[in-house]
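Once you have looked at the hints, place chain B on chain A.
This is what each chain is made of:
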Amino acid sequence: MRDVRDALMVARDSNGKLVRRPMSPHLQVYRWPISMALSIMHRVTGVALGVGTLMLTWWLVAAASSDDVFDRAQWFMGSALGLLLLFGWSVALIFHFFSGIRHLFWDAGVGFDAPTYNTTGWGVLIATGVCSVLVWVVGLAVW
Amino acid sequence: MSGTPHIDMLRSPLGRARGLGSARAGSHHWWAQRLTAVALVPLTLWFIFSVIHLSGASHDRVIDWLSSPWTLAPMLALIVATFHHLQLGLQVVIEDYVHEERFKMPSILLIKGLSVILALVCIVSVLKIGL
Numbered sequence: 001m002r003d004v005r006d007a008l009m010v011a012r013d014s015n016g017k018l019v020r021r022p023m024s025p026h027l028q029v030y031r032w033p034i035s036m037a038l039s040i041m042h043r044v045t046g047v048a049l050g051v052g053t054l055m056l057t058w059w060l061v062a063a064a065s066s067d068d069v070f071d072r073a074q075w076f077m078g079s080a081l082g083l084l085l086l087f088g089w090s091v092a093l094i095f096h097f098f099s100g101i102r103h104l105f106w107d108a109g110v111g112f113d114a115p116t117y118n119t120t121g122w123g124v125l126i127a128t129g130v131c132s133v134l135v136w137v138v139g140l141a142v143w
Numbered sequence: 001m002s003g004t005p006h007i008d009m010l011r012s013p014l015g016r017a018r019g020l021g022s023a024r025a026g027s028h029h030w031w032a033q034r035l036t037a038v039a040l041v042p043l044t045l046w047f048i049f050s051v052i053h054l055s056g057a058s059h060d061r062v063i064d065w066l067s068s069p070w071t072l073a074p075m076l077a078l079i080v081a082t083f084h085h086l087q088l089g090l091q092v093v094i095e096d097y098v099h100e101e102r103f104k105m106p107s108i109l110l111i112k113g114l115s116v117i118l119a120l121v122c123i124v125s126v127l128k129i130g131l
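Chains A and B, in that order, are what the protein sequence lines are. For the first sequence, the working numbering begins at 1 and goes up steadily by one. For the second sequence, the working numbering begins at 1 and goes up steadily by one.
The following block holds chain A by itself, in its conformation from the complex (with noise of 0.2 angstroms):
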């Protein structure tokens, strides 16, 4: 062996002999438990956010030049395109932050077994759906 990636993945056993360390089976291999979903998910939603903080920032600079700008970015987040924008946007604002809090509370140690994180995952997606439509029927009311 002289690759140093692969020297890398050589550790010594318990009884001090030479063994390659163990690899886990590529994604694919995997049926698609919630968790994992999950976590792939606020990894997702993560980038999109992070893309999305570009209608933020365009909003906020629009709102600091003038009357016309404005109203151009304020007309494009109420098209059909925008609006879609919005929504995505908003639906993956609201699962990630709830699927963070759920990781925040793991960080403390707590709700990190089996049956409690399954539980809590789907209480993340129920969580997700209501809160996502309460907030367009609500913003769509008082627009």
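Just so you know, these hints were derived from the structure itself, not from any lab. One or more hints might be untrue.
Here chain B is said to cover these stretches of chain A; the calculated rule only asks that three of the stretch's residues, wherever they fall, bring their Cβ under 8 angstroms from a Cβ of chain B [claimed, not checked]:
#: 1; segment: 4-15
#: 2; segment: 18-31
#: 3; segment: 45-59
#: 4; segment: 70-80
#: 5; segment: 96-107
#: 6; segment: 111-123
A few chain A residues that don't get close to chain B, going by computed Cβ distances all over 12 angstroms [said to hold, decoys possible]:
#: 7; residue: I34
#: 8; residue: S35
#: 9; residue: M36
#: 10; residue: A37
#: 11; residue: G88
#: 12; residue: L93
#: 13; residue: I126
#: 14; residue: G129
Chain B regions said to be covered by chain A (calculated; three or more residues, Cβ under 8 angstroms) [claimed, not checked]:
#: 15; segment: 3-11
#: 16; segment: 32-39
#: 17; segment: 61-74
Glycine is no exception: its CB is placed at the ideal position from the N, C-alpha and C atoms.
Showing chain B alone in chain A's frame:
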């Protein structure tokens, strides 16, 4: 591959591990991400309520809203926490999925730079309205 692996390389285990770990800085990244996450819980709630309240609002109303220190301060906190959290999170995503060293470091620097610029653009805009 099976059988006992054998290393014939003139590098000590320490030499092989050097430069590949966190060098005692690993927990700082983790902690900063949690701290911004905790800060973002109330700030995000506040922001969602504000956006709902402002949906379809005129330019004057938005300026009015941002002109209050009670709006400006949490808005600045939201911007700083959001972009710091974002930059930390994207860094981990890149570290996990970009394996080629010549792409990894440039892409991490790129997203960090972009996050700083976007955050400053937001801060300047908000201050321009609010001050």
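>> Tell me the hint numbers this structure goes against, listed in increasing order.
In response: 6, 12
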